[in-house]
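Visitor: What follows is each chain in one-letter form.
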Amino acid sequence: MSDALAAAGPQAAWIARLWWISLWLCAGVFVGVMAALAWALWRSHRAAAARQAAPMRSSRALGMFVGGATLLSSALLVGLLEVSVLTDRALARLPQRDALAIRVTAHQWWWEMVYEDPRADHVFATANELVIPVGRAVVVTLEADDVIHSFWVPNLHGKKDLIPGRTTTIAFRADRPGRFTGRCAEFCGLQHAFMAYDVVALPPDRYAAWARHELAPPPEPQGADAMRGRELFLTGSCMLCHAVQGTSAQGRRGPDLTHFASRSHIGAGSTANMPQALSAWIEDPQKLKPGANMPSHFLPPADLAALVAYLETLT
Amino acid sequence: MDHTLPGLAADSRAELVRAWSDPPTLKGWICTLDHKAIGRRFVVTALLFFFAGGVLGGLMRHQLSAPGKTLIGPDLYNQVFTMHGTAMMFLFAVPVMQGVALYLVPLMIGTRNTAFPRMSACSYWIYLIGGLTLFAGFASGTGADAGWFAYVPLAGPQYGLGKRSDFWNVLVNFTEAMGLMIAVDLATTTLKMRAPGMSLLRMPLFAWATLVSSIMIIFAMPTVMLGANLVQFDRMAGTHFFNPAEGGDVLLWQHMFWYFGHPEVYFIFVPALGMISAIIPTFARRPMFGHRAIVLSLISTGFLSFGLWVHHMYATNVPELGKSFFTAMSFMIAIPSAVQLFCWIATIAGGRLVPKSPMLFIVGFFATLMIGGLTGIMLGAVPLDLQVTDTYFVVAHLHYVLIGGALFPLFGAVYYWFPKVYGRMLDERLAQWHFWLLAIGFNLTFFPLHVLGLHGMPRRIYTYTADTGWGTLNFVSWVGAMIEDASMFVFVLNIVRALWKGRPAGSDPWGAPTLEWATSSPPAHYNFERIPVVASREPLWSPPAEGPRYVTGLSTRLREGLVTTVLDALPDVRYLYPRPSPWPIVAGFTVALWLIWSIFSNKGMLIGLIPPTIAFIAWYWPTPEETGAELEVEKRP
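Chains A and B are the protein sequences, given in the same order.
For the first sequence, the numbering used here assigns the number -6 to the initial residue and increments by one for each residue that follows.
For the second sequence, the numbering used here assigns the number 1343 to the initial residue and increments by one for each residue that follows.
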């Protein structure tokens, strides 16, 4: 779900507060001006009906109206400017001690998330999924691999563009556990529509468990089908683009699939991650997501089933 | 009411008719320099592009009316929304406003033609061929597909494949060449061709709006033209202006585009403000309250509009402190608009209302523009903008601004000035149908989009999944779009009906105060038999009490007019308007040929320059007839 007004953290909450202030202010101004217009039309209509001849007489009153209304609008604008700048400052003051550092790289049309750590063996990557701990600030470093994209999780914060040649950052915090949707918000070509990611805010202990799990390679596949699937994955074309830690597949062109089965969507939000959908996706991604950079693989049905069985073991 | 000045003697009038009429041939029709014919062509062509853009918009609403629809695939959808935005902004909104001004301004300020009629004649063909080229690209599967904002690198050499973005970049050259020529023509006309006595402070507000928007165009358009050509160099000649790998910068394009793009909104909006300022006094039966304040507001809008382009770029990494200044600027520009709204309300309140269809559209303007303006203020605030930018909230906002702020006044203007242009009245009852269908359809289409934006729906997506929950509101929006279509049908019906059997209008059906109503409907080629003398802001309501009422001594056998001083409009010099010539048209066509050639070949970019050069030299080559005519009217002191 995504709703800019259902804030799950302080950044979105500040912005939602500013939204309600400006909405009520603007609604008041709208009603005021419309009432003034209605009054003017009514007065003018009455004057026409009564054939009054000297409409100029009231020009002093009209001048007071224009001047007063202009002063009042200017004052309201200055007030709103104040509130806006204060909100800006509040956003910039999010405490970032002990923040979680994540590097997000946007590709046409998927997201690469790398959880950074000074210890090289504690760095791990995932894709199209951002899992964060509740109550701890997250600083995301944003880079674009090809064209401009924009990082946006409405429930947590506003947008930040990912711009080729410029590194940007965005900082936010989730204050309640939940599952939110992030989307690319800058037009980025054919599949801009399907460039989403899941954001999962977990309580700190569950987050720690998740991070430990992500760091470890996936379990050994059990069963003949899954074993053969791994064989196909490692000897076929899959490993040219995809990586599965603990195996020889180290491709970097497509999403890292180490814990693929634990993700809720495939194709960056194209469809739910179910065995049947996965099978259709491997066979012909162009059908589900025309223009995606993954080619079609028309495999024999048994091979396809084996591949799906293997991928389902990547929990 | 009849305000026609005393006519000329029959033989002088016959001379005047002969001097100003075009040969009744196809060549005469094509080569005409009559600002009214050219203005009409602009408006009709722009309306056709508007309908084409509207059909594309309707297609998008249809595609999005339910989740997962497959009417349009992503490739076509990207072309459709790019074409919709480009057609509406470059091929409709700017040219239609310039076309209306081209028609009206010389009439309003009491002169026989614009200052440089050959330039406007030339620019029409550049505009028409440019627009057709863009649509030809679309029809042949090479429609521009990087959005009307054409951000690099998506529109650059690496990711903008094929000739699609080349079509777009070259269209920018077409429309900017057109826009600049008209802007120069109109700015000069308003400053130098006013009837004697029409000092700047007596100039009608629509002419003021035209002057301000023309000067804005002159300052804003070169930026985007330069930018588009730099992208074109990157694409065609291997330069790296926007390639970060070689030291280029992708944000440079955004600065160049929005430095033009934001003022563009205002040079669509400012002429619309002028239209409203022309319509309200007529139907409130009193002079505009706060005329001077409105003039100052128009001018300050023009200046301020160049200081807010960064509010389109808050989500990039421009410095945070700088963003706050742009917030302040974005709020500040609301003040001159507010002043005008209040002056209009005051004028209505102090007047005697004549409830006719143009006024109905003005009331519609108030309601819709207020919503668009207020959401615009929200978008000016950095934090709010970060949430709603690039979502459907902005789609809603910009349509409220452009349809509310420009289209409603434009329709009001059509109902107001159609009787002048075609000499027939439009039907009031059909106008009501048109208005209410448009008002209901428009709000139904665009109001729900605000909510969709807050619920996370990004712009420019060709479809979405059912679990997003966006289906219902998108469906409502589609229903609204169909009602809007119906309103356009009623509008066209009304026009066709009026042309066929509309009630004759007479010279001044509304009892209006400005000079365009002092001549026949439709006006003759020469506009006025005698150039009027002006002594007030409302020349038809308070004509000169003493002194001459019209100019004497101008030749009736030649196309002669009067140039006046900039501030006080004192007679300055006599001026011979150019005579029709095929060369401006040839120049227009050769420029078009050159630009089309430059889409496909670097050589064409150079060799293609030769024919326009020849045409331009021929255009300015003095002819014996012209020199003879000038000698004939020369008077020695």
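A few of these clues could be false.
Stated by the list, open to error - A few chain B residues that don't get close to chain A, going by computed Cβ distances all over 12 Å:
id : residue
1  : Asp1353
2  : Thr1387
3  : Gly1400
4  : Pro1564
5  : Ala1657
6  : Glu1662
7  : Ile1677
8  : Ile1704
9  : Val1705
10 : Leu1740
11 : Gly1765
12 : Met1767
13 : Gly1848
14 : Pro1865
15 : Gly1895
16 : Trp1939
To be verified - 20 Å max Cα-Cα, derived EDC-like pairs, lysine to aspartate or glutamate:
id : chain 1 : residue 1 : chain 2 : residue 2
17 : B       : Lys1411   : A       : Asp198
18 : B       : Lys1411   : B       : Asp1910
19 : B       : Lys1534   : B       : Glu1974
20 : B       : Lys1534   : B       : Asp1809
21 : B       : Lys1977   : B       : Asp1910
22 : A       : Lys280    : B       : Glu1976
Keep in mind that the hints were calculated from the coordinates and are not lab data.
Each residue gets a CB set at the ideal place from its N, CA and C atoms; glycine is no exception.
Visitor: All hints are to be evaluated individually against the structure, with a verdict given for each.
Guide: Hint-by-hint comparison with the structure:
Every CB of chain A is more than 12 Å from the CB of Asp1353(B) (nearest about 44 Å), matching its label as outside the interface. The claim that Thr1387(B) lies off the interface holds: its Cβ sits roughly 29 Å from the closest Cβ of chain A, which is beyond the 12 Å cut-off. The non-interface label for Gly1400(B) is consistent with chain A: the shortest C-beta to C-beta separation is roughly 19 Å, beyond 12 Å. Pro1564(B), annotated as away from the interface, keeps every beta carbon of chain A farther than 12 Å; the closest lies near 25 Å.
Residue placement check: Ala1657(B) does not keep its beta carbon more than 12 Å from all beta carbons of chain A (closest about 4 Å). A Cβ of chain A approaches the Cβ of Glu1662(B) within 12 Å, the least distance being about 7 Å, so the stated non-interface status is violated. The beta carbon of Ile1677(B) is not kept farther than 12 Å from every beta carbon of chain A, the shortest such distance being approximately 6 Å. With a closest Cβ-Cβ approach of about 10 Å to chain A, Ile1704(B) is found to fall inside the 12 Å limit, against its non-interface label.
Non-interface status of Val1705(B) relative to chain A is broken: a Cβ of that chain comes within 12 Å, the nearest being about 7 Å off. With 12 Å as the threshold on Cβ separation, the claim that Leu1740(B) sits away from chain A holds: the shortest Cβ distance comes to roughly 15 Å. With a cut of 12 Å on Cβ distances, Gly1765(B) stays outside the contact zone with chain A, its closest approach being about 27 Å. The non-interface label for Met1767(B) is consistent with chain A: the shortest C-beta to C-beta separation is roughly 20 Å, beyond 12 Å.
The claim that Gly1848(B) lies off the interface holds: its Cβ sits roughly 22 Å from the closest Cβ of chain A, which is beyond the 12 Å cut-off. For Pro1865(B), the condition that its CB be more than 12 Å from all CB atoms of chain A holds, with the nearest at approximately 30 Å. The claim that Gly1895(B) lies off the interface holds: its Cβ sits roughly 37 Å from the closest Cβ of chain A, which is beyond the 12 Å cut-off. Every C-beta of chain A lies more than 12 Å from that of Trp1939(B), the closest at about 28 Å, which supports listing it as non-interface.
Restraint check for Lys1411(B) and Asp198(A): not satisfied, since their Cα atoms lie roughly 42 Å apart, outside the 20 Å limit. Between the alpha carbons of Lys1411(B) and Asp1910(B) the distance comes to roughly 62 Å, so the proposed pair goes past 20 Å and is violated. Taking the CA atoms of Lys1534(B) and Glu1974(B), the gap is about 23 Å. The hint is violated against a cut of 20 Å. Restraint check: the Cα-Cα separation between Lys1534(B) and Asp1809(B) comes to about 62 Å, which exceeds 20 Å; the hinted pair is violated.
Straight-line distance between C-alpha atoms of Lys1977(B) and Asp1910(B) comes to about 24 Å, which puts the hinted pair past the 20 Å bound. Under the criterion of a C-alpha separation no larger than 20 Å, the hint pairing Lys280(A) with Glu1976(B) is inconsistent with the structure, at around 77 Å.
Hint compliance for this structure: hints 5, 6, 7, 8, 9, 17, 18, 19, 20, 21 and 22 are not met, and every other hint is.
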